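Visitor: Sequence:
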Amino acid sequence: MAQIDWSDQSEDDLQDIAKRISKDLSYYADVTIEKIYNAVERLRVFPFSGRIVPELGIETVREIIVGNYRVVYWILGERCEIVSVLHSKQDLPKKLLSE
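Residue numbers (the working numbering): 1 to 99.
No wet-lab data here; the hints were simulated from the structure. Each hint should be verified, as a subset may be incorrect.
[Claimed, not checked] Cut-off 27 Å, straight-line C-alpha distance, at most; resulting in silico cross-link-like pairs (DSSO-like, lysine-lysine):
1) K23 <-> K35
2) K35 <-> K19
3) K35 <-> K89
4) K19 <-> K89
5) K23 <-> K89
[Claimed, not checked] Simulated restraints on C-beta separations:
6) E41 <-> A18: 30 to 36 Å
7) Y28 <-> E78: 33 to 39 Å
8) D24 <-> R44: 30 to 36 Å
9) R20 <-> G77: 21 to 27 Å
10) D30 <-> Q90: 30 to 36 Å
11) K89 <-> V31: 17 to 23 Å
12) L25 <-> L76: 34 to 40 Å
13) A2 <-> G57: 31 to 37 Å
These figures come from a predicted structure and were not determined experimentally. Glycine is no exception: its CB is placed at the ideal position from the N, C-alpha and C atoms.
Using the sequences and the hints, build the whole thing.
Guide: Encoded structure:
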């Protein structure tokens with residue numbers, strides 16, 4: 001079973017998403033964040049279940065789509081590191097593309 005680690009950036013991303021959504025509907029913010037956490041949990045058993053990030057084309061850099069959000073993660077041996085959670089209309093951060 002893979003270990004799941006959340007980077008500081010991905011935790012900040014989740015907080016920003018929750019704040020943005022809760023301006024309109026706080027209930028929907030909670031539901032969205034819960035869906036993201038639930039989707040990430042399946043990576044413990046199936047770390048390669050996400051698709052390869054198209055912009056990168058690297059086998060170990062993957063993403064899962066949850067509603068309108070992309071959860072980008074790296075597979076590092078027996079663990080998955082969630083590196084970013086962003087709206088599907090956003091471009092990958094330049095920092096992520098260079099790593």
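Visitor: Give me the numbers of the hints this structure contradicts, sorted from smallest to largest.
Guide: The structure conflicts with hints 6, 9, 10 and 13, although it agrees with all the remaining ones.
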